[in-house]
Amino acid sequence: MVKLAAKCIVAGDPAVGKSALVQMFCNDGAHFQKNYTLTTGVELLVKTVPVPETSDSVELFIFDSAGMELFSEMLDKLWEQPNAACIVYDVTNEQSFNNCAKWLEKLRTQTSGVHIPGVLVGNKTDLIDRRVVEQKQAQEWAETSGLEYCEISVKEMENYEVPFHILANSFHQLYKEKVEIFHSLVNWKTGANQATDIKDL
Amino acid sequence: MRSTNFCLSTEGADVILATSSDEKYPPENIIDGQSETFWTTTGMFPQEFVICFHKCVIISKLTIQCYLVQTLRIEKSMSKDPVDFEHCIEKDLEYKEGELQTEEFSFPEFQATHLRFIILSAFDTFVSVHRVIAEGIAQDI
Ligand SMILES: Nc1nc2c(ncn2[C@@H]2O[C@H](COP(=O)(O)OP(=O)(O)OP(=O)(O)O)[C@@H](O)[C@H]2O)c(=O)[nH]1
Ligand SMILES: [Mg+2]
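Respectively, the protein sequence lines represent chains A and B.
Taking numbering that gives the first Met the number 0, the leading residue of the first sequence gets 0, the next gets one more, and so forth.
Taking numbering that gives the first Met the number 0, the leading residue of the second sequence gets 0, the next gets one more, and so forth.
Mixed in with the good hints, there may be bad ones.
[As the list claims (entries may be wrong)] Only pairs whose alpha carbons sit at most 25 Å apart, straight line, appear in this in silico PhoX-like list of lysine-lysine: (1) B:K95 / A:K175; (2) B:K60 / B:K90; (3) B:K79 / B:K54; (4) A:K175 / B:K60; (5) B:K60 / B:K23; (6) A:K2 / A:K46; (7) A:K33 / A:K154; (8) B:K95 / A:K177; (9) B:K90 / A:K177; (10) A:K46 / B:K23.
[To be verified] Label pairs and their calculated CB-CB ranges: (11) A:E72 / B:E93: 32 to 38 Å; (12) B:E89 / A:D75: 19 to 25 Å; (13) A:E72 / B:S8: 48 to 54 Å; (14) A:M73 / B:E22: 36 to 42 Å; (15) A:E179 / B:S120: 19 to 25 Å; (16) A:E79 / B:S59: 33 to 39 Å; (17) A:E52 / B:M77: 47 to 53 Å; (18) B:S8 / A:M0: 19 to 25 Å; (19) B:K23 / A:K76: 31 to 37 Å.
[As the list claims (entries may be wrong)] Selected chain B positions facing chain A (Cβ under 10 Å, derived; list incomplete): (20) S34; (21) E35; (22) F37; (23) T39; (24) T41; (25) F44; (26) Q64; (27) Y66; (28) L99; (29) F122; (30) F125.
Think of the hints as simulated: they come from the structure by calculation, not from any bench.
Keep in mind it's a predicted model, so treat the numbers as computed, not measured.
Even for Gly, the Cβ is constructed at its ideal location relative to N, Cα and C.
Please put together the full structure from these sequences, using the hints given.
Spelled out as structure tokens, the structure:
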């Protein structure tokens with residue numbers, strides 16, 4: 000049994016529903032924030048997500064960040080060394096989708112080449128008539144960018160847990176892969192490989 | 000005089016604090032005298048562990064075997080309890096993919112009852128620490 004801990008950045012344009020999503024997830028669907036209050040810095044929320052079919056879990060330290068440029072420029076310090084990323088856009092707002100590339104770029108400058116799990120989230124699917132970003136288009140971009148993809152409606156409480164479950168599972172998978180590598184560093188049978196120059200004390 | 004490795008559970012050492020704990024890869028693996036077994040970090044950095052000797056020892060050389068560790072700081076304490084840590088060394092380690100990092104630190108002899116290892120940053124999301132060796136001579140408290 001292990002409890003992993005991951006710093007998870009939630010990024011995206013203003014008013015796409017980042018705070019609504021994070022709040023809904025952290026209070027287990029108890030409340031949907033109808034009125035828009037823009038986030039001016041970063042709000043940190045913590046939630047533990049169990050990993051299916053294991054006794055393991057991932058404690059997500061969710062950093063809900065401001066979408067507004069003015070504030071997001073101050074985020075660099077708070078975004079340091081992220082472990083997972085959730086990039087949100089509004090399916091009724093083309094611009095918010097196009098800007099996902101910019102948000103991804105901004106995140107990548109923080110990871111210095113380390114691969115981190117990421118998910119692209121299309122929100123507000125309840126606004127069917129106003130939808131402009133098609134699923135196929137978004138899914139394709141996510142794939143070429145190495146991101147998982149999901150569509151949600153925080154308002155209708157649809158799939159709002161999915162992005163975080165995807166990230167927790169990917170993070171857990173990443174841990175298992177690393178542990179395999181740690182095992183392979185020293186060969187059990189010969190005692191040690193690179194370690195042979197250490198004299199036995 | 001024969002020099003000893005004090006970082007061994009068989010020599011009475013304990014890991015009294017570790018910021019990560021996967022029960023499959025516990026911090027005790029650092030002091031079991033084997034390079035094959037290891038402790039894993041399971042979350043954000045910094046991460047640290049503290050080794051207690053339960054006696055005062057004189058150390059002249061430290062060796063750590065680990066993987067993916069970038070910036071490492073080592074501190075020592077001479078108190079009976081794990082307090083009053085003093086700076087020993089801080090170093091950016093090199094890393095080659097697939098190769099265990101073996102880092103040796105030589106010092107003028109110093110006394111310690113505890114050693115604290117702080118991993119300030121890493122080359123990847125998780126790191127492993129396989130073994131710590133502290134060579135020196137034992138002394139009564
Ligand atoms: N119709 C609909 N509205 C939503 C949905 N999710 C959020 N909203 C609304 O969108 C508005 C903006 O939501 P926020 O969560 O505050 O947006 P944000 O992304 O955090 O914005 P910043 O903090 O400025 O970056 C609010 O009025 C929400 O009620 C949804 O699924 N459907
Ligand atoms: Mg917000």
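Results of checking the hints against the structure:
no. : hint                        : in the structure
1   : B:K95 / A:K175              : 20 Å, holds
2   : B:K60 / B:K90               : 15 Å, holds
3   : B:K79 / B:K54               : 8 Å, holds
4   : A:K175 / B:K60              : 33 Å, violated
5   : B:K60 / B:K23               : 29 Å, violated
6   : A:K2 / A:K46                : 12 Å, holds
7   : A:K33 / A:K154              : 8 Å, holds
8   : B:K95 / A:K177              : 15 Å, holds
9   : B:K90 / A:K177              : 23 Å, holds
10  : A:K46 / B:K23               : 23 Å, holds
11  : A:E72 / B:E93: 32 to 38 Å   : 34 Å, holds
12  : B:E89 / A:D75: 19 to 25 Å   : 24 Å, holds
13  : A:E72 / B:S8: 48 to 54 Å    : 51 Å, holds
14  : A:M73 / B:E22: 36 to 42 Å   : 40 Å, holds
15  : A:E179 / B:S120: 19 to 25 Å : 23 Å, holds
16  : A:E79 / B:S59: 33 to 39 Å   : 37 Å, holds
17  : A:E52 / B:M77: 47 to 53 Å   : 48 Å, holds
18  : B:S8 / A:M0: 19 to 25 Å     : 23 Å, holds
19  : B:K23 / A:K76: 31 to 37 Å   : 35 Å, holds
20  : S34                         : 4 Å, holds
21  : E35                         : 5 Å, holds
22  : F37                         : 6 Å, holds
23  : T39                         : 6 Å, holds
24  : T41                         : 5 Å, holds
25  : F44                         : 7 Å, holds
26  : Q64                         : 6 Å, holds
27  : Y66                         : 6 Å, holds
28  : L99                         : 5 Å, holds
29  : F122                        : 7 Å, holds
30  : F125                        : 5 Å, holds
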